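Sequences listed follow chains A and B, in order.
So the mapping is simple: my numbering equals the position in the first sequence, first residue as 1, plus 386.
With my numbering, letter number 232 in the second sequence gets 231, and the count goes up by one each step, no holes.
Hint data in this document are derived by calculation from the structure and do not stem from the laboratory.
Here the structure is a predicted model, which means the values were calculated and not measured.
No residue lacks a Cβ here, since even glycine has one placed at the ideal position from N, Cα and C.
Just to be clear, a hint being listed does not mean it is correct.
Chain A residues, not near chain B, derived (Cβ > 10 Å throughout) [claimed, not checked]:
| hint | residue |
| --- | --- |
| 1 | Leu413 |
| 2 | Gly424 |
| 3 | Lys436 |
| 4 | Gly485 |
| 5 | Gly521 |
| 6 | Val522 |
| 7 | Met555 |
| 8 | Pro560 |
| 9 | Trp566 |
| 10 | Leu661 |
| 11 | Phe678 |
| 12 | Arg723 |
The following label-pair restraints were derived from C-beta to C-beta distances [claimed, not checked]:
| hint | chain 1 | residue 1 | chain 2 | residue 2 | range |
| --- | --- | --- | --- | --- | --- |
| 13 | B | Arg320 | A | Lys604 | 36 to 44 Å |
| 14 | B | Arg180 | A | Leu401 | 43 to 51 Å |
| 15 | A | Ser556 | B | Thr57 | 52 to 60 Å |
| 16 | A | Leu504 | B | Leu122 | 34 to 42 Å |
| 17 | A | Tyr616 | B | Gly292 | 44 to 52 Å |
| 18 | A | Lys604 | B | Leu284 | 50 to 58 Å |
| 19 | A | Ala394 | B | Trp156 | 27 to 35 Å |
| 20 | B | Glu221 | A | Ser433 | 27 to 35 Å |
In case you want the letters, here they are:
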Amino acid sequence: MKPVLRPAIDGLLILVLVFLFTSALLLLVDTSPVEAYGHLLRGSFGSWSKFSRVLNVWVPLTLCSMGLLYAFRAGLWNIGVEGQMVLGAIGATAVLNGGLGSDTPLLWLGLALLAGMLLGALWALLAGWLKVWGGVHEIFTGLGLNFVAVGLVLWLIFGPWKRPGIASMSGTQPFPRELWFPTLEGWRVSPFAIGLALLVVLLSLWLLQRSRFGLELKAVGQNPRAVPLYGLSPVRYMLIAITLSGALAGLAGTLQVSGVYHRLIPAISSGYGYLGLLVVMLANFRLLPIPFIALFFAALNVGSIQLPMMMQLDSSLSGVIQGACVLSALLVFGLRRLQRRSP
Amino acid sequence: MNDLPLGMLLAGILATAAPLIIAALGETITERAGVINLSLDGSMLLAAMVGFMVGYETQSFLLAFAAAAAVGALVAGVVAVFGIYLGQLQVAVGFALTLMCRDLAYFLGNPYSRLQGPQLVPLKIPLLGDIPLVGPVLFQQPLVVYFGLLLVPAVWWYLYRTGRGLELRAVGENPEAAYTRGIDPRRQQLLYTLIGGALVGIAGAAYSLDIKPGWGRPQGIEGLGWIALAIVIFGGWHPVKVALGALLFAFLQVFGITLQSVWPSIPAQVFQVAPFPLMIFALVLVNLLQRDGVQRWLERRPGLALLLARLRGAPPRALGRSFHPD
Chain A
387 MKPVLRPAID GLLILVLVFL FTSALLLLVD TSPVEAYGHL LRGSFGSWSK
437 FSRVLNVWVP LTLCSMGLLY AFRAGLWNIG VEGQMVLGAI GATAVLNGGL
487 GSDTPLLWLG LALLAGMLLG ALWALLAGWL KVWGGVHEIF TGLGLNFVAV
537 GLVLWLIFGP WKRPGIASMS GTQPFPRELW FPTLEGWRVS PFAIGLALLV
587 VLLSLWLLQR SRFGLELKAV GQNPRAVPLY GLSPVRYMLI AITLSGALAG
637 LAGTLQVSGV YHRLIPAISS GYGYLGLLVV MLANFRLLPI PFIALFFAAL
687 NVGSIQLPMM MQLDSSLSGV IQGACVLSAL LVFGLRRLQR RSP
Chain B
0 MNDLPLGMLL AGILATAAPL IIAALGETIT ERAGVINLSL DGSMLLAAMV
50 GFMVGYETQS FLLAFAAAAA VGALVAGVVA VFGIYLGQLQ VAVGFALTLM
100 CRDLAYFLGN PYSRLQGPQL VPLKIPLLGD IPLVGPVLFQ QPLVVYFGLL
150 LVPAVWWYLY RTGRGLELRA VGENPEAAYT RGIDPRRQQL LYTLIGGALV
200 GIAGAAYSLD IKPGWGRPQG IEGLGWIALA IVIFGGWHPV KVALGALLFA
250 FLQVFGITLQ SVWPSIPAQV FQVAPFPLMI FALVLVNLLQ RDGVQRWLER
300 RPGLALLLAR LRGAPPRALG RSFHPD
């Protein structure tokens, strides 16, 4: 077999496995797979309005996945990306609250971006610092900090930032239009946010694949014990990587507040941090497939929204399909490994 | 404080801790054999759903717990086969399974939401149950609580006092050496991952049939699987210390709910998330104790050193690393 063909065949194999698994599952609960797939497709690509919703999910998902890639390159499992996104959203809300009634809204939006990235980065740095200084695996610090972040956002929504009148799970008082990320008529997604996400992809492409920093980061991730011989400090690179990771998650959180919900809500991160981990795994920790897989996952998320209404199915079907994708991929990669071992 | 609320508090702590003890001991067995099963949070939820579904349909606790154990073992089996035989990262497989099992539980459990199902009733042990204070706390509990409590000495005995337990630990510490002694590390790891997973499944059903009876979205046990994983580290991979860690966490949870009624001015969210930073703090503390500087400082304080030495624990050396016979 030609080596060029192999990824294509593997990809096809993964899709077939996922298709068989999902169809079997749907038949098990007595529904028509064809109908369900039809709803998923129409719900995500059926109209421009729906597709712009998909893009609204694609932006934060791509940003989180890109951030995760930096951490993975340094050998870190930054599960805290979820909480870092929440902290970014909190930072952005705090700044936008300050910009209420100002006559320079664009300045405040810019400040919100910076604050969101800063807070996300600091939250990530805390997890990184607990790892290198406290020796606690980043999976546990990250998770713990995720729960703390959710507690923090609930406290803010029901406490200091509660709506005039009654505080509720629907979130804080929406911001006036001046403080929304600029968008076009009929668009649900801000073109500015799409631009930012594309910019991050291109920058990461250069930074991770072409720059000296990317090479050094990879060295640290693959062999942290050997790099001190070359005068590199693994601790420093790990902290830089996780901070960048958090900054991108914070950016995603900021865009959720200023570009999508226009307020702070309890589920502001929407689980995109965890989903980003699946995106990166399915991409086999490579950069280029990430934006495309993120688009596919975003379409599943948006397409499944109408399943409860149209078919009385739970919308978590999208998560099942996404998980099946990653497991099928791991299975196929694993079988390939086995094949290489015993020719 | 009279003795009734104290007794209720203690009984509540024990009941809250029991499923955590079962899940954390299951994971302890798995990790001592060198496999890390990160899927706990999702597989517990899926097992809780299946346990409730089977219990609702059959009205049989035995079948419900058996089904839940089978689900836990099945999910763990995927981690084992992918990790041990296909050479994939155990952490990656486990994490993907965590998310997928959670969604699968909500997807398949949708028709069973908010139904009134069977619930375990406390089982009073004759005579022992009548002892004041101790009786209501220890001997008037549902069956899973007794199971959890008896599991602690059972696992300890198996790990440290039997030949098979020695083999288990040998595989987790040095699979190559175990292999040269005629033990098949991969088969052992598969076996103990399955057993550990079955215990995790039982823990899941303990929630939906006892602690938080019923099924719904959210179920209210999201996050506890991660806590169980952290407790294993906190307990230094030692069954008795792991059980104590589960009790400590249950204490924090129950205590938080109690404190909330004492200080209503502090928002509820603070108490709900308080155990998580405390868990991180405890893990940092456990790790700092291994440092040379801290050790030297402790040498001058023998009493404290003796006490803290009990807290230390090292991970199995081959944890998460797949063994290949060639």
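Quiz item: Looking at the structure, which of the earlier hints fail to hold?
Solution: Numbers 5, 6, 10, 12, 13, 15, 16, 17, 18 and 19, in rising order.
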